[in-house]
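The residues making up each chain are set out below.
Number of protein chains: 2
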Amino acid sequence: MSEKTLSHLQTVSESLESGATMQIRYLLNGALPAQDVARLLESSPPKERKLLWELIDSNNEGEVLQYLTEDIGVQFMKEMDTERLVAVSEHFESDDLADLLQHLPETIVKEVLSSMTAQDRTRVEALLSYSEDSAGGLMNTDTITIRPNITVDIVFRYLRRHSSLPDMTDNLLVVSRSDRLLGTLTLTKLLVSDPENTVRDIMDTDCTVINADTPASEVAQLFEKMDLVSAPVIDGDSKKLLGRITIDDVVDVIRDEAEHSMLSMAGLDDDEDTFSPILKTTKRRAVWLGINLITAFIASYVIGLFQNTLDQVVALAILMPIVASMGGIAGSQVLTLVIRGIALNQIGSTNAKWLLNRELIVGMINGLLWASVIAALTAIWFDNVKIAYIIAGATIINLLFAATTGTLLPIFLKKIGIDPALAGSVILTTVTDVVGFLSFLGLATIFLV
Amino acid sequence: MSEKTLSHLQTVSESLESGATMQIRYLLNGALPAQDVARLLESSPPKERKLLWELIDSNNEGEVLQYLTEDIGVQFMKEMDTERLVAVSEHFESDDLADLLQHLPETIVKEVLSSMTAQDRTRVEALLSYSEDSAGGLMNTDTITIRPNITVDIVFRYLRRHSSLPDMTDNLLVVSRSDRLLGTLTLTKLLVSDPENTVRDIMDTDCTVINADTPASEVAQLFEKMDLVSAPVIDGDSKKLLGRITIDDVVDVIRDEAEHSMLSMAGLDDDEDTFSPILKTTKRRAVWLGINLITAFIASYVIGLFQNTLDQVVALAILMPIVASMGGIAGSQVLTLVIRGIALNQIGSTNAKWLLNRELIVGMINGLLWASVIAALTAIWFDNVKIAYIIAGATIINLLFAATTGTLLPIFLKKIGIDPALAGSVILTTVTDVVGFLSFLGLATIFLV
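Line by line, the protein sequences give chains A and B.
Note that UniProt numbering gives residue 216 to position 216 of the first sequence, counting from 1, and the numbers run on in steps of one.
Note that UniProt numbering gives residue 423 to position 423 of the second sequence, counting from 1, and the numbers run on in steps of one.
To be clear, the hints were calculated from the coordinates, so they are not data collected in a lab.
Heads up, the beta-carbon is just placed ideally off N, CA and C, and yes, glycines get one too.
It is possible that part of the hints are untrue.
As the list claims (entries may be wrong) - Simulated pairs of lysine-lysine, DSSO-like, Cα-Cα distance not exceeding 30 Å:
| # | chain 1 | residue 1 | chain 2 | residue 2 |
| --- | --- | --- | --- | --- |
| 1 | B | Lys189 | A | Lys240 |
| 2 | A | Lys50 | B | Lys189 |
| 3 | A | Lys283 | B | Lys414 |
| 4 | A | Lys225 | B | Lys414 |
| 5 | A | Lys47 | A | Lys78 |
| 6 | B | Lys189 | A | Lys280 |
Said to hold, decoys possible - Using C-beta positions, here's what the derived DEER-type ranges look like:
| # | chain 1 | residue 1 | chain 2 | residue 2 | range |
| --- | --- | --- | --- | --- | --- |
| 7 | A | Gln10 | B | Ser131 | 42 to 50 Å |
| 8 | B | Glu70 | A | Arg157 | 42 to 50 Å |
| 9 | B | Ser7 | A | Leu279 | 45 to 53 Å |
| 10 | B | Met364 | A | Gln10 | 47 to 55 Å |
| 11 | A | Leu55 | B | Gly290 | 48 to 56 Å |
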């Protein structure tokens, strides 16, 4: 599939260079499915992306937009006039539209809303009132509701009056006269039931129901745990049915969450796009480099404290990065594991103690093992047993600090409301660098000089 | 939900300590849903995990097992006798059972298979022939098939003869007399169609069909792109219907894939479990530390080349980690981004050139910016303008090398079949350390000494 996209990309970029826009127009407007056109745009550098976008017929734009990642979609929408925005917005499901509108200037949003039918406007306005990262922000309002006192046969007749049912409809929502959710009736249950039964007889009253203000990450965990395709969303206070969440939107949450940790640990934004323009990228990265520069200078300051020792034994300068680096590696392994454990909600105060204990033992065993290796190599290289002992001791100390920091730091950061994936790696490196240099040069100052 | 699990964990661990096993038995055998019991086991250290497992009634074990991660489930199954394994295996869907059996000794697998009904055995044996990481390994054999020439009304009557339909059934599979897939009929389409229509009239012949040997990652991309709930799987040669894949299994693939990069970059195994026993963990980590030790010694060797220079100007020893560290940070940002781009199939030879170009410009801008800051701070700290110029030059050189390596290395590793997430970070650090020390100490040797 995606190799196909890459080969289309090849064709397109060659055609762009040779100016053969006819062929590209043909590919973009019908020959390729809209999903593939979207992937193509996402895999193109900014200038080509813009050129390609201009080659898409305006009546195909909406179709492609709905498959683009939010970041890129919003960029294109910002450049549209209101009339085109309104035309394009008809292609969207209400939840996706609400997500995009949140990023556009308020005056434009108002114009788009006022051009919609009253019913659509009410839906989108309702969605706009919820945070994007909550169940309310994820939900769609296209539910099919039925009343509990009708028979299965009547449900069949009612459904047949629709020309089609919303995508991902796997159940019907049973509501009271005042729109309170009473239960759900899955299509599979409906299809195997006696036509004489009433909905009340066969509906599932024990179904998973989601409050509109539930965080998106909890929604994702619920879907994964209960193997859901869709779930109804209700207002927490009035208990009224508001809409439903479908698995396709949850899959996006799951991917974003899993990627979030990796990207944050490298100081990258979640919506950092592989092909963002240079200035945008440079600014984001500069901040991270600046923060790390502080770390680096702290480490240098620590080294500077031992200027006299270093002056006397140059071997120390040669060997000191080894101690810091081993601590950094060991620490980031623990950190990565604990950050994942926290994201999966597996780690709490009960098992944190056990975990720290395990990590200290692992650090001790690996410390003893690799400290011996390092000591042996050092003794041979510099023909100096004293330095060998010192570097071995410093390595063990640093691995134990790495284990402690790697385990406790993310738990602590989480507790005080700081994202452990973002801040964890910088702080950890600071600790392992400082402890590494301090222990190695400190021991050397005591025992060597 | 999961905070509930953590609070149950608290209760359980207190009860375990005080020996109040009655209460735990109650929680584990009915009071908590099987999914929560599974989460509880996963969040427990090995010893408690084993104790808890023993408190679960044998007739509840199968239910809990099917929700446990594979790694932990297999551990428990290895300790069961065949009779219990057979009893437990009845709780599993055929695809999950096949996954687990792959990890058990062959003699036991044979015994389990021979105790099953002929139909079940054939199904599981068919699944065992596919790799776990392919569509064949993901699929289930519980399809509902219909013939094209019957009417909608007859489909309804046929379905009503079932007591229930398989989970996640969103469509019926239309097959020929020889079991070839002709199309699909979604339940939503079925429900809005005229009862007089034949299946042929309303079926979708353009549906997504998956070959049994399609890699799992491609299956996941297909599900994400097409917003599927389930898709039929066919044999590539005979075109016969083999089974179907459902979104719940695909969600697992998506999560595993997204986590794979993060874990690999820290040298951790995909099935590294937060609460694995100490020895298992220590062994895995030791290998990674050993590999990184080689890197560290290479860096030290490079420093050693400049022993004389260091001997004369101790400030160099104090400052040299800054150059290496800035390169490492900048490089791992690029590396992370490119590894993600490769995993999402966004990066090929066409756009690699553009990407390298962008990263070099970003590296240059950030290099100039931070090199000036570093130079200014150095000039003030050591009151030495020459060293300031030298460290600025070295920083820029290292950031440019970091950008080049971060971009090209993962693309190259991917091309020669090595996992870029696993090998990328070690090699990158080696490059940024070596180049950092080489450029800084090299320039110092030329211009300072």
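Hint check results:
1. Lys189/B to Lys240/A: Between lysine 189/B and lysine 240/A the Cα gap is close to 28 Å, so the pair holds against 30 Å.
2. Lys50/A to Lys189/B: Violated: lysine 50/A and lysine 189/B sit about 38 Å apart, past 30 Å.
3. Lys283/A to Lys414/B: holds (29 Å)
4. Lys225/A to Lys414/B: Roughly 34 Å separates the two Cα atoms, so the pair is violated.
5. Lys47/A to Lys78/A: Holds - the C-alpha atoms of lysine 78/A and lysine 47/A are around 16 Å apart, at most 30 Å.
6. Lys189/B to Lys280/A: violated (46 Å)
7. Gln10/A to Ser131/B: 42 to 50 Å: Since the Cβ atoms of glutamine 10/A and serine 131/B sit about 30 Å apart, the hinted range of 42 to 50 Å is violated.
8. Glu70/B to Arg157/A: 42 to 50 Å: holds (46 Å)
9. Ser7/B to Leu279/A: 45 to 53 Å: 48 Å Cβ-Cβ, so the 45 to 53 Å window holds.
10. Met364/B to Gln10/A: 47 to 55 Å: violated (28 Å)
11. Leu55/A to Gly290/B: 48 to 56 Å: The hint (48 to 56 Å, Cβ to Cβ) holds, given that leucine 55/A and glycine 290/B are roughly 54 Å apart.
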